[in-house]
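Enquirer: Sequence:
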Amino acid sequence: MDDLDRVLCVIFIHYTGWLPDVCNCSKNSSINQRRRLSDHGVIHHGSTYNTTRFEDSLIEMLVERDKILYDYAKQIFGVQLKVVEEHFNVTICDKIWNRSS
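When the letters of the sequence shown are read in order and numbered with our numbering, they come out as residues 1 to 101.
Think of the hints as simulated: they come from the structure by calculation, not from any bench. The model shown is predicted, which means the values in this text are computed figures rather than measured ones. Where is the CB? At the ideal position from N, CA and C, for every residue including glycine. Some hints could be false.
[What the hints assert, rightly or not] List of simulated lysine-lysine pairs, DSSO-like, C-alpha gap at most 27 Å: (1) 95 to 82; (2) 74 to 95; (3) 67 to 95; (4) 67 to 82.
[Unchecked claim] If you anchor each label on the Cβ, the simulated ranges turn out as follows: (5) 68 to 94: 37 to 47 Å; (6) 58 to 94: 30 to 40 Å; (7) 86 to 66: 23 to 33 Å; (8) 66 to 12: 47 to 57 Å.
Model the full assembly from the supplied sequences, consistent with the hints where possible.
Expert: Given below as structure tokens:
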């Protein structure tokens, strides 16, 4: 997801009512927190599973509908993000984690 970090910040703010420093890029231009990347022990079988033509058609139909839903959700999030930034008078960070490690 394009705005995953901002989504996490907005969800956090929504449920706690306060803004974590790591999300505030108005005053915090260099963020040094790190996130560990992990597969959580999940084995990916996507490349070894063969689907039928019927399953392929169902997947295609779901993908088409999912694209519409995703675009709509992004628009709604853009509005919510603006409301949060205006309410707190801040700019929510695009990236809150250092993914280079």
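Enquirer: Determine for every hint whether it applies to the structure shown.
Expert: Cross-check of the supplied hints:
About 17 Å separates the Cα atoms of residue 95 and residue 82, which keeps this hinted pair within 27 Å; it holds. Annotation: proposed proximity of residue 74 to residue 95 holds, straight-line Cα distance about 17 Å (limit 27 Å). Distance check on the hinted pair: residue 67 and residue 95 sit about 24 Å apart at the alpha-carbon level, within 27 Å; holds. Of the supplied pair hints, the one linking residue 67 and residue 82 holds, its CA atoms being roughly 23 Å apart against a limit of 27 Å.
Checked against the given bound of 37 to 47 Å, the beta carbons of residue 68 and residue 94, roughly 25 Å apart, lie outside it. The hinted window of 30 to 40 Å between residue 58 and residue 94 holds, with their beta carbons roughly 35 Å apart. Range check, residue 86 to residue 66: Cβ separation about 30 Å, and the 23 to 33 Å hint holds. Distance hint for residue 66 and residue 12: a CB-CB separation of about 26 Å, inconsistent with the stated range 47 to 57 Å.
Hint compliance for this structure: hints 5, 8 are broken, all remaining hints hold.
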